[in-house]
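Protein chains: 4
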Amino acid sequence: MTIRLGANNYGKSRVRLLRVSKQEGRHDIKELTVAISFEGDFETAHTKGDNTKILPTDTMKNTVYALARQHPVETVEELGIQLVDHFLTYNPQVSRVRIELKENLWSRLALGGKPHASAFSRAGDEKRTAVLNGTRENTEIRAGLQDLVVMKTTNSAFDHFLRDPFTTLKDDRDRILATSIGASWLYPGEEVEFGALWHGVRQTLLEAFAEHKSESLQHTLYAMGEAVLNNFENILEIHLSLPNKHFNLLNLQPLGMDNPGELFLPTEEPHGLIEATLKKT
Amino acid sequence: MTIRLGANNYGKSRVRLLRVSKQEGRHDIKELTVAISFEGDFETAHTKGDNTKILPTDTMKNTVYALARQHPVETVEELGIQLVDHFLTYNPQVSRVRIELKENLWSRLALGGKPHASAFSRAGDEKRTAVLNGTRENTEIRAGLQDLVVMKTTNSAFDHFLRDPFTTLKDDRDRILATSIGASWLYPGEEVEFGALWHGVRQTLLEAFAEHKSESLQHTLYAMGEAVLNNFENILEIHLSLPNKHFNLLNLQPLGMDNPGELFLPTEEPHGLIEATLKKT
Amino acid sequence: MTIRLGANNYGKSRVRLLRVSKQEGRHDIKELTVAISFEGDFETAHTKGDNTKILPTDTMKNTVYALARQHPVETVEELGIQLVDHFLTYNPQVSRVRIELKENLWSRLALGGKPHASAFSRAGDEKRTAVLNGTRENTEIRAGLQDLVVMKTTNSAFDHFLRDPFTTLKDDRDRILATSIGASWLYPGEEVEFGALWHGVRQTLLEAFAEHKSESLQHTLYAMGEAVLNNFENILEIHLSLPNKHFNLLNLQPLGMDNPGELFLPTEEPHGLIEATLKKT
Amino acid sequence: MTIRLGANNYGKSRVRLLRVSKQEGRHDIKELTVAISFEGDFETAHTKGDNTKILPTDTMKNTVYALARQHPVETVEELGIQLVDHFLTYNPQVSRVRIELKENLWSRLALGGKPHASAFSRAGDEKRTAVLNGTRENTEIRAGLQDLVVMKTTNSAFDHFLRDPFTTLKDDRDRILATSIGASWLYPGEEVEFGALWHGVRQTLLEAFAEHKSESLQHTLYAMGEAVLNNFENILEIHLSLPNKHFNLLNLQPLGMDNPGELFLPTEEPHGLIEATLKKT
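Protein chains in written order, with the working numbering: chain A, 2 to 282; chain B, 2 to 282; chain C, 2 to 282; chain D, 2 to 282.
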């Protein structure tokens, strides 16, 4: 019997950064969290404690700061590309660089009906995301979003499902549908308009969710993914991960009351989870 | 030596509820979390295990559902008033009822530039709050908000402060100021327009934060509270709790770069915390 | 109408620290989180932006480090006393200093049946706490613990309670009782053995919880507090805050099965909350 | 261009359960959280809203309860096997069942030096885990643990690492090493003693961490994995995921003090992350 090192990687997570850009009295801000991960020739570090091929994760952190200073790029995807290129160029021992970026979204405060030049509020939990996987051959870029919580109070049903002896759920032609959208989609390369596309995909996802006559969360997931693939030529595939955030109709009969679709119990657990990838072929 | 029962209370926390109101095709939603707490004559429950004066906390939960069904009130304050009245009326053993309400805020989705009739997204972590303290004499109503995260990138300084041998902080005439606004304010009674006032106070707090030429977070806190008391006759006092969410200028000199107010490090800990009450007299 | 500054305070929260003590090959560790808060003469800071009486919260943080280095004290209470004394001595503008300390507990790893000299594991979420309130007159010291989660599977009932039309809960002579103990107790002064007392009180709370024939969580709370006051001369009063972490018997009848006290549903919300202070008189 | 449904799955997450077993006055408890996920023939559910092959996730939850009642198995792995077998047997439309189980660990309270028959305390954040992947061909069983936080205060170095122009980290021959162990290992089949093996692997991981003369976290990870593979014939491979929880030496020079390896700053972000799989060949 021999013991062998299999797949392995190392890196730095939760590298945080706020950039403030100032132009003619108008400030713009961007708050990011970055994670960097390397795959490569790290066998002797594991087996012998030889660190000569190990760039410190502290240096990865410094590199995020340095490149953000050198290249004041507009989008998470562009900063990701700079990081992949830098790390692959200067680290021959590395075969794959993975960069994950999350942008905490801020809104400009509106005062007296006008957007303020230098004051902002956090726009909720939603995050704009990008994941880049760079090798010596190519770099795969996936953009996305997380934690965009949505609800629709009509046009949602779930019935005619498979039943077995443990099934107690009743058919429902009028239920609440709520989820926290997690989506990521694949671009064909670096030559796309990252900002415009992200906003377009986000709006398409919301419209499809809102307008769909849903027979299940799977059904709505597919409609959301299909709308994105149909509307955006530059998107080759999309992955959606949708928890089913259940809002259950409260049974008020023990209290001597009816409840005609008015009061619901928000629950955190248990929850359904629906995931799928849609691709163009 | 005798052992004596001092101040005590019991109740139910995290009672959750979603109400859907439907009018001519337009749906409105309101998501609440309620906590109820009783003070009263509960000595024998503690000392003898006698439960005859203990209304179960499970019943408190049911009562929230029942009153929300009977009185489809518009605001958290109105539901709170119903709950205080109900519990005091039917529970002679109770001397004080405390109701805390938090509303998770949802926004109507905008599709094709128009607000959607029945689809919504969560509007972030911010919560509208109300705390009612009801006794046989009167009911004190405090409205508020929580977790409203804001930042300003100019007009913030902190200098000429007190120095001692452990002081290493430098004077700063141009720093970032960020906080998560926690505010609660006292109304003179039940005859105020809860909805309009809440929105008015919120906007006043944001404007004061954005426009203030800040010499410290204390200075800005006072300006925010003063603006509210000056603008709203029906508000007698306001309490503000403002963590100082530090964004520290990154020192890039070790990387051979300058950093003229462009890149900052967001930090969660440690953080400052400034709290004060302002009153009309 | 005049606007007046009422109660106010400021300080630094989440100041963290790990101390490693090394003696003849044996290492001891202590991990702390400290919060400092000042009350005093800060009116002009609020109203005029005058910082000359404001010691920076950054200096408070530095002072924690410095005093922890100068006085390698054994317990959270002793470090708290040093901090109160220091801040009151050097800050005439301050009338009250509040210090909150939380200790994250670590256990020594046991290898081959023996405690290891320099390797440790986190002992869970439980925290040892201390809160000191120091003024020009005296310093009040409260020790405590938080997040000590316990459960008993017998000797717990809740019946013969008050019923109203919204009560649906059934009498129960054999239920699970679970809570997360939050306790704090008052010492008569600084001349007590903080370490030994803390361990003694903790064990007394656990024994009283385990052994009590409970008619309600109020009943058990009182028994726990009474045991502490009876057993420890140096403890003048104790406050207990006990959430009722409900584990509800699962109804398996719809699945064609009985459930004789075997399977329960752990729930996070809603939950009961029982709080009381017991005092010696 | 055609749009095609790619990889997809659905299921129920955060299904919770407490089992109480009673034997001759001694109670045992086990608290579990289960997640179930199906892959299979679900295309028409997505594309047509046809639910006839969709077993509700609510039924998956009920099945966990029912099987836990029918088969009062001892270990998470055994409950997982029952669930995989049940779902594959009764659901021809399903090609793969994935079951994830997490056990929240409880300790028996010790009173008067003896373990108590029916009172328990939570043993921290650590979780025992199992992940089963069952197909028509076979079932892969991985056991593991999560959130086991450990620290060593000696025998840890990191030096002679790769340097580039952004490297500012200094060589360190005596640093703190801390991590939160996440481990999962593969069994050859169902015929292993799940309970004894889990406790054995856990102890081996802790011993290897404590005793290793570490040149890096990679080096220690490998030593931990190697010890497990060497000591347990029935373990074919092991995956370790180790965040580097940094405790940085505080620089007290600005405060006029030295700090000879005594006071450290615990940090949550950024953090390193080291992951690797070791296999027998």
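Derived from the structure by calculation, the hints contain no laboratory data. A hint or two may mislead.
Since the list can't tell identical chains apart, any single copy or any two copies may satisfy a pair.
Stated by the list, open to error - Below, computed lysine-lysine pairings styled on DSBU-like, alpha-carbon distance capped at 30 Å:
id	residue 1	residue 2
1	K128	K171
2	K171	K280
3	K115	K23
4	K281	K23
5	K54	K171
Model, not experiment: these values are computed from the prediction.
Hints, verified against the model:
For the identical chains of this complex, K128 and K171 are neighbours neither inside a copy (36 Å) nor across copies (34 Å), given an alpha-carbon limit of 30 Å. In this assembly of identical chains, the alpha carbons of K171 and K280 never lie at most 30 Å apart, being 34 Å within a copy and 48 Å across copies at closest. Proximity of K115 to K23 under the C-alpha cut-off of 30 Å is restricted to the intra-copy arrangement: shortest distance 18 Å within a copy versus 33 Å between copies. In this assembly of identical chains, the alpha carbons of K281 and K23 never lie at most 30 Å apart, being 41 Å within a copy and 40 Å across copies at closest.
Taking the shortest alpha-carbon separations for K54 and K171, only the inter-copy value of 16 Å comes in at or below 30 Å, while the best intra-copy value is 60 Å.
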